[in-house]
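There are 2 protein chains.
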Amino acid sequence: MDGVIADTETQFINWYELDYGVKVYPHEILGREENEMFPDKEAARKFAFTPGFFRTLPVMPGAVEAVQTLMENFDVYIVSAAMEFPQSLPEKLEWLQENFPFIGWRNIIFCGDKSVINTDFMIDDHIKNLDYFKGKPIMFHAFHNVNHNHHHRVNNWKEAVAFLETHL
Amino acid sequence: MDGVIADTETQFINWYELDYGVKVYPHEILGREENEMFPDKEAARKFAFTPGFFRTLPVMPGAVEAVQTLMENFDVYIVSAAMEFPQSLPEKLEWLQENFPFIGWRNIIFCGDKSVINTDFMIDDHIKNLDYFKGKPIMFHAFHNVNHNHHHRVNNWKEAVAFLETHL
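Those protein sequences? They're chains C and F, same order as listed. Residues in the first sequence are numbered from 162 upward in steps of one, following the working numbering. Residues in the second sequence are numbered from 162 upward in steps of one, following the working numbering.
Only chain C is shown next, with the shape it has when bound in the complex:
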């Protein structure tokens, strides 16, 4: 969800500017971990625990159309490692209902880690989720994964759909 269908990077950068008055640019954080993206190392974590953060995330460009296209040929599940942030659970559900109303409740999973999720493919931005996945991992481009190249990388939703459709 975060970093794949929800644009957490843009939200983090906007919130940092609003809260700290410092504009951080995407090219400045390439290759950094999420807890090192800002001068104040605690900021990102603080934002993730702030009510409203997850409810107001921008949709990742192309995500809505891509998921709709994939649903023609795949059973699509939305899996979010959300349990660390309890206040995010109802926010994430409302966000999905607003932005992805065609995803039914049966296909939504909120978990702690993703190690027990068993699907054929997983599109994720985090190495920690992809490394232990038993199906085919697909790494969605994110600032924090640009220096990791041991999974198949897709740079955007157009590439993700194209890759998956070669596996039909």
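Since the hints were made in silico from the structure, they are not lab data. A virtual CB, placed ideally from N, CA and C, is assigned to each residue, including glycine. One thing to keep in mind: the hints can contain errors.
Estimated spans, in silico, between C-beta atoms of each pair [stated by the list, open to error]: (1) HIS309/C with LYS207/F: 46 to 52 Å; (2) PHE324/C with THR327/F: 41 to 47 Å; (3) LYS295/F with GLY265/C: 20 to 26 Å.
Rough simulated footprint, nothing fancy, chain C against chain F, three-plus residues with beta-carbon under 8 Å [said to hold, decoys possible]: (4) 259-267; (5) 270-281.
Starting from the structure of chain C, add chain F where the hints point.
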């Protein structure tokens, strides 16, 4: 979670008596589906959407001790098909933090259906979850499953622990 570590049957029966003034006894509902357990067929579903229902569920007898025992030899995940009832998500998380504080957030999963959950064992009261499970299903006794016998049945947590410990 419901019907396994949380005693939903007792809660349903108590709430029905309080709301409708009619006492239903456990032996009267043996073999009935959940939507047929009460004279008013809508009651159980109405309760499940009522704030407070999931937050105040009694703990299933023996569940706390059993989960603690199992955690000595197993990675225990709490998986709840909770997504149909959005108001239950924060309630279920608070309930777990109160009653099972030794279960960390990494090991909690709230989902729609359980078809993508990949563990070695699943203890569940619902045939719909057990029938499609790829590991070893363990059917926890419940009023609505007494006429189903195609999964290994455990009648209580003592039997569940004993069965799992033969698989170490």
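Quick rundown of the hints versus the structure:
no.	hint	in the structure
1	HIS309/C with LYS207/F: 46 to 52 Å	holds, 49 Å
2	PHE324/C with THR327/F: 41 to 47 Å	holds, 44 Å
3	LYS295/F with GLY265/C: 20 to 26 Å	holds, 22 Å
4	259-267	holds (count 3)
5	270-281	holds (count 9)
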